[in-house]
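Heads up: the sequence lines are chains A and B, in that order.
Mapping of the first sequence onto the working numbering: position 94 corresponds to residue 94, and the numbering continues sequentially without gaps.
Mapping of the second sequence onto the working numbering: position 225 corresponds to residue 225, and the numbering continues sequentially without gaps.
A couple of the hints might just be wrong.
Restraint ranges, calculated between C-beta atoms of paired labels, are given here [what the hints assert, rightly or not]: (1) B:Gln31 <-> A:Ser83: 23 to 31 Å; (2) B:Cys56 <-> A:Leu51: 37 to 45 Å; (3) B:Thr69 <-> A:Val89: 50 to 58 Å; (4) A:Gln39 <-> B:Phe46: 18 to 26 Å; (5) A:Cys31 <-> B:Phe46: 25 to 33 Å; (6) A:Leu100 <-> B:Leu88: 29 to 37 Å; (7) B:Cys56 <-> A:Thr104: 23 to 31 Å; (8) B:Phe46 <-> A:Ala68: 41 to 49 Å.
Rough simulated footprint, nothing fancy, chain B against chain A, three-plus residues with beta-carbon under 8 Å [to be verified]: (9) 13-27; (10) 33-41; (11) 50-60; (12) 67-74; (13) 91-102.
Simulated crosslink set (SDA-like; lysine to any residue; CA at most 25 Å straight-line) [said to hold, decoys possible]: (14) B:Lys40 <-> A:Arg71; (15) A:Lys16 <-> B:Phe57; (16) B:Lys120 <-> A:Ala84; (17) B:Lys146 <-> A:Leu19; (18) B:Lys210 <-> A:Gln11; (19) B:Lys40 <-> A:Ser29; (20) B:Lys40 <-> A:Asp36; (21) B:Lys40 <-> A:Leu44; (22) B:Lys146 <-> A:Gln39; (23) B:Lys40 <-> A:Gly58; (24) B:Lys40 <-> A:Ile15; (25) B:Lys40 <-> A:Gln11; (26) B:Lys146 <-> A:Asp36; (27) B:Lys40 <-> A:Ser73; (28) B:Lys120 <-> A:Tyr18; (29) B:Lys40 <-> A:Leu17; (30) A:Lys16 <-> B:Lys146; (31) A:Lys16 <-> B:Phe98; (32) B:Lys40 <-> A:Met67; (33) B:Lys146 <-> A:Phe34; (34) A:Lys16 <-> B:Lys210; (35) B:Lys40 <-> A:Phe34; (36) B:Lys192 <-> A:Leu59; (37) B:Lys40 <-> A:Trp22; (38) B:Lys192 <-> A:Gln11; (39) B:Lys146 <-> A:His66; (40) B:Lys210 <-> A:Gln12.
Honestly, the hints are just simulated from the structure, not real lab data.
Backbone N, C-alpha and C define an ideal beta-carbon position, used for all residues, glycine too.
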Amino acid sequence: MAQATAHAQGQQHPIKLYLVVWAWLFILSACSYFVDFFQVQGLLRYALIVLFMLLKAGLIVAIFMHMAWERLSLVYAILVPISAVLVFVAIMTLEADYTLLSRTIFFGPGP
Amino acid sequence: MAEQAATDLRVIDAETSGLRSIASDFSSDRQAFRNVSWGKAMMWIFLLSDTFVFSCFLISYMTARMSTTVPWPNTSEVFALTIGGTSLPLILIAIMTFVLISSSGTMAMAVNFGYRRDRKRTAILMLATALLGATFVGMQAFEWTKLIHEGVRPWTNPWGAAQFGSSFFMITGFHGTHVTFGVIFLLVIARKVWRGDFDHERRGFFTSRKGRYESVEIMGLYWHFVDLVWVFIFAFFYLW
Chain A
1 MAQATAHAQG QQHPIKLYLV VWAWLFILSA CSYFVDFFQV QGLLRYALIV LFMLLKAGLI
61 VAIFMHMAWE RLSLVYAILV PISAVLVFVA IMTLEADYTL LSRTIFFGPG P
Chain B
1 MAEQAATDLR VIDAETSGLR SIASDFSSDR QAFRNVSWGK AMMWIFLLSD TFVFSCFLIS
61 YMTARMSTTV PWPNTSEVFA LTIGGTSLPL ILIAIMTFVL ISSSGTMAMA VNFGYRRDRK
121 RTAILMLATA LLGATFVGMQ AFEWTKLIHE GVRPWTNPWG AAQFGSSFFM ITGFHGTHVT
181 FGVIFLLVIA RKVWRGDFDH ERRGFFTSRK GRYESVEIMG LYWHFVDLVW VFIFAFFYLW
């Protein structure tokens, strides 16, 4: 019922919510910048980059784009197809490994 | 009779949550996205297709970078700027990120004030968003100029793998184009807000549909998407 009224008048949320999310996006961006600034290397670097990226993306989609308050059928219609991208990433990872292998074997510096 | 009505209500209530609601929405023999206007649904579907476009760019960049035998240029040094004698890594990109996030913040607030029918604040916040967006594009133009002067081309660059240039120009170029169109789109809608089109339900010159403040939210969806894409470009292209 509350959802229905919210929709009748359009999305209505307190301004404070947006300011808090904005502040978090600033903090998370600063964090990902510091990953590079302090030259964190190795697995920790990639883990931190992906973590901050996903948190930022989640905040933008859920709060700024109001996905958190949309009907579940719209949310699924938009988010489920994106999983196809992950399949594509997996395929291209295998393909890239194979290309690198052939390049190293056949085009690498001779013995 | 009253009992029957109560049961119906319970059925409807059960179908407003979880997977059951999705099943009932899609099998309702009516529009699938209830309470969602066609304009908003279409914008979401456009954004989904645009997600695939940018995904393809980022995946092709990933494939090029993973399969090259030549070392990839160190983006931390390539995009470093010397400010006041000290070299700061990626500083311009970091500033661009903050500018774009700020524009997303002002846009979200514009949508909010739009639904409160606060005409002036909505228009001013949208203009601020457009200004920040234009600043972003300006900084990107500066970055492109700097790299082109340093000899980066789509087919070569002085630091390593040749694919760096093509990936860079393709990905940031496409994103910059999206931001540019977003700025134009923002100015068009901001003008409508300022003129009071959405208060008087003035009909659009092209669609002849009544103006509604929902247009601001649909505009906002596009703008936040542009910011969202930058989050991924920043992580994968600049930081990785």
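Original post:
Which of the numbered hints are not met once you compare them with the structure shown?
Top reply: 2, 3, 4, 8, 15, 16, 17, 19, 20, 21, 30, 34, 35, 36 and 39
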